[in-house]
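Enquirer: The residues making up each chain are set out below.
2 protein chains.
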Amino acid sequence: MKTPAPPPCPFEKLHPSELQRDDAYFMQLAYNQAIDAWRADEVPVGAIVARDSEVIARAHNQVVTTGDPTAHAETIALSQAAAAIGDWRLNDAVLFATKEPCPMCSGAAVMARIGRVVYGVPDPKMGCLGGAANLNTLPHSNHRFPVTGGVLLEECRALLQAYFAAKRTTPIA
Amino acid sequence: MKTPAPPPCPFEKLHPSELQRDDAYFMQLAYNQAIDAWRADEVPVGAIVARDSEVIARAHNQVVTTGDPTAHAETIALSQAAAAIGDWRLNDAVLFATKEPCPMCSGAAVMARIGRVVYGVPDPKMGCLGGAANLNTLPHSNHRFPVTGGVLLEECRALLQAYFAAKRTTPIA
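Top to bottom, those sequences are chains E and X. So the first sequence is numbered by this note's numbering: it starts at -1 and just counts up by one. So the second sequence is numbered by this note's numbering: it starts at -1 and just counts up by one.
These aren't lab readings, by the way, just hints derived from the structure by calculation. Mixed in with the good hints, there may be bad ones.
Since copy identity is lost for identical chains, a pair holds within one copy or between any two.
To be verified - Taking lysine to any residue pairs in the SDA-like style, the calculated list, with each CA pair at most 25 Å apart, reads:
1) K165 to R87
2) K123 to R87
3) K165 to P120
4) K165 to H141
5) K165 to R111
6) K11 to L151
7) K123 to V145
8) K123 to P144
9) K123 to F143
10) K123 to P137
11) K11 to T63
12) K165 to H138
13) K123 to S139
14) K165 to G84
Source: prediction; values computed, not measured.
Extracted from the complex, chain E is given alone in its bound form (with noise of 0.2 Å):
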């Protein structure tokens, strides 16, 4: 059986301006990982990891071309941000995520003593920053990190959706 083709991805990466490194730069930069997993026919979803304002890990979702369950954006970017600094506790690193972080990559987060999440897209049927339930919040957690969602939303979203409505109609080859 041929692999289909992805179907094309029709969006362009961003090019924010490096001289101002707010909340909206570093997403915009995960969302052009979001398209590299589009264009490797993943589930568009990147990641960056950012400290003292420079990116120490960009990941996009692999769980396909790698065939591993755990190979999402965010996990893939935790552990390269880890290898980075040298440490895999994380409480000075901003996770930037386009989707709001699924149960594992919320509770990796939590595991990684994130010192912030920051998310493009919220999910209602499978985040775990506040959407379908909130790991940051377990009574007993010695880790809790503020979450920002929101941030270039329709973007993100726009993607996500456009990528799921193009595999319903893309044809089996």
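Assemble chain X onto chain E, guided by the hints.
Expert: Quick look at chain X alone, frame taken from chain E:
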């Protein structure tokens, strides 16, 4: 600064009969992985993934050794299991863990569509299969699995308690 040697592990590995491959059998193998974790000076948690009564993955906690906050026994075992069967969907497989999985690992079991989870010690503080939260019952999740806790409970708990007690009294070299 010299890294202190790990406290010596006072427990021996178990040697279950191969003839009866029940939950206790696989949990004893997970326990043996937890002993390997202690010997590497990691929090002693071990995991096994089995399918059709065969072990397809075995791993122990490696957070400190690898410097990777996502390198828990369960996530590593789930990744290995997916590689072993060539599919990231583990519907036919069972995850055995010596401790109730944490937020990340409980979520990983959901995302991997695991067939069933069996654990040793409940964790009311951080366990997320009924302890501190339950990621197996998200209202809109498209995957749920049977969970059995308390298998080989006393042995798995004694190992964890002894490790933490030993760490508290180990002088810094």
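Enquirer: Confirm or reject each hint.
Expert: Results for each hint:
| no. | hint | verdict |
| --- | --- | --- |
| 1 | K165 to R87 | between (38 Å within a copy, 19 Å between copies) |
| 2 | K123 to R87 | between (29 Å within a copy, 19 Å between copies) |
| 3 | K165 to P120 | within (21 Å within a copy, 41 Å between copies) |
| 4 | K165 to H141 | between (39 Å within a copy, 21 Å between copies) |
| 5 | K165 to R111 | between (36 Å within a copy, 21 Å between copies) |
| 6 | K11 to L151 | within (15 Å within a copy, 52 Å between copies) |
| 7 | K123 to V145 | both (18 Å within a copy, 22 Å between copies) |
| 8 | K123 to P144 | both (21 Å within a copy, 21 Å between copies) |
| 9 | K123 to F143 | both (22 Å within a copy, 17 Å between copies) |
| 10 | K123 to P137 | both (22 Å within a copy, 8 Å between copies) |
| 11 | K11 to T63 | within (21 Å within a copy, 37 Å between copies) |
| 12 | K165 to H138 | between (42 Å within a copy, 22 Å between copies) |
| 13 | K123 to S139 | both (23 Å within a copy, 7 Å between copies) |
| 14 | K165 to G84 | between (39 Å within a copy, 22 Å between copies) |
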